[in-house]
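Everything in the sequence shown is counted per the numbering used here, starting at 4 for the first residue and increasing by one.
Just so you know, the hints here were simulated from the structure itself, not pulled from any lab data. One should not assume that every hint holds.
Calculated cross-link-like contacts (lysine to aspartate or glutamate; reagent style EDC-like; alpha-carbon spacing at most 16 Å) [stated by the list, open to error]:
hint, residue 1, residue 2
1, Lys191, Asp181
2, Lys191, Asp227
3, Lys191, Asp145
4, Lys191, Glu143
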Amino acid sequence: MIRSQADPMAQPMITRSVPRIEFGGERRFVARFGARTVGLLGLIAVLSLSADPSRAETPAVSTTDLPHYVIERAATSITIDGVLDPAEPWSTATRIDSFQFPWWTSGTRETTTTRLLWDEEYLYVAFVATDAHISAHLTERDAPVSRDDAVEVFFACDPADVSVYFNFEFNALGTILDRSPRDNRSSKWNGAGVKVGITIDGTLNDSTDTDRSWTTEIAIPFTDLAPFAPRLPPANGDQWRLNLYRIGGEVNPQFSLWSDTQTERPQYHVPARFGLVRFSTRLAGSTTTSP
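Sequences are here, hints too, so could you generate the full structure?
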C-alpha cells in the first residue's frame, strides 16, 4: 500500500505494506524491512531500564505540574493497521505534541505526537515519531524492545495506587513487551488481545539514507486489565494515571516523554510522575456524548 500526503496525523502518509505474521499465537501486523543486525550494545545498560522496574529509581518527585489529557470516545471503529486514516476518529482526537527531552545533551530532538481514544472494548493509542534513521531488530515477544526504536505507554488504572501499573512497549517492527501487576510483573504474563499496527515512511535498518517517520497504532483491550481497575470499561469522568514515552535508536538515540519523570538519567518507571487522564463520553471532534 503506497499513500502520500503531508500530515501523518490528519492525512494518509507514504507507507510500505505491512505483512501479517504470527507471534505466540497472536495475529499482529509488523513492518519488516532490511537485514537483521546486532543492536547498539553501548546503550543497553540505560535502555534496559525501561523494561526492568526492579532497577527503577524512587526519587522524591513533585506531582503539582503533571500534564492533563481528556480521552474522548471513538465515534466509529478503528482499524489497527498503522495508518491513521482521516475517515477514522484519529483525525478529530486531541493531539499531544509536547514531548519533553529532560536528558538531552546533543543530537537532533525528533518530534513525537500522540493521540488517545477509547470505546467499550479498547484503549487506543497512536504515535507518530519523526525519525531520520529508523532501526529495529528484536522480534520475540517480551524481548527488550527499548534497545530498538520504540514507543511505550504506562498507566495505572486506579489513581489511588499508582504503584499498580501496566506497561506496554512496541518497537518499530511491532514487537511487544508488556508487564502487568500480576506475579510481580513477571514476563510470563502477556496481554491476550493487544493489537499493534506499524507503518514506516523510510527504510528500516539502513543508516545510509534519511527516513521520515514511523507510525504506531495500538489497541489495548480492557479485559486484559482486570482486576486492577476500579471499573471497566471506564465511565464518564473516571481518571487514570498515564505516561507516554519514546526511546532508542542506533543513530541519534531518543529519550523523550510526555510527563517529565524528574530523574537525573533516563528512567521511565516512575509512576508518581504519570500524567492525569480523564475518560469522557464526548465523541472525538463533537459536542455529542455517547449513551
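Open item on the list: Hint check: Lys191 vs Asp227, CA-CA at most 16 Å. Holds or violated?
Closed with: holds, 14 Å
TODO: Mind checking the alpha carbons of Lys191 and Glu143 for me, to see if they're no more than 16 Å apart?
DONE: holds, 13 Å
Open item on the list: Run the distance test for Lys191 versus Asp181: straight-line Cα separation, threshold 16 Å.
Closed with: holds, 10 Å
Open item on the list: What's the verdict on Lys191 and Asp145, does the C-alpha distance respect the 16 Å limit or exceed it?
Closed with: The hint holds at about 9 Å.
Consistency note: the structure conflicts with none of the earlier hints.
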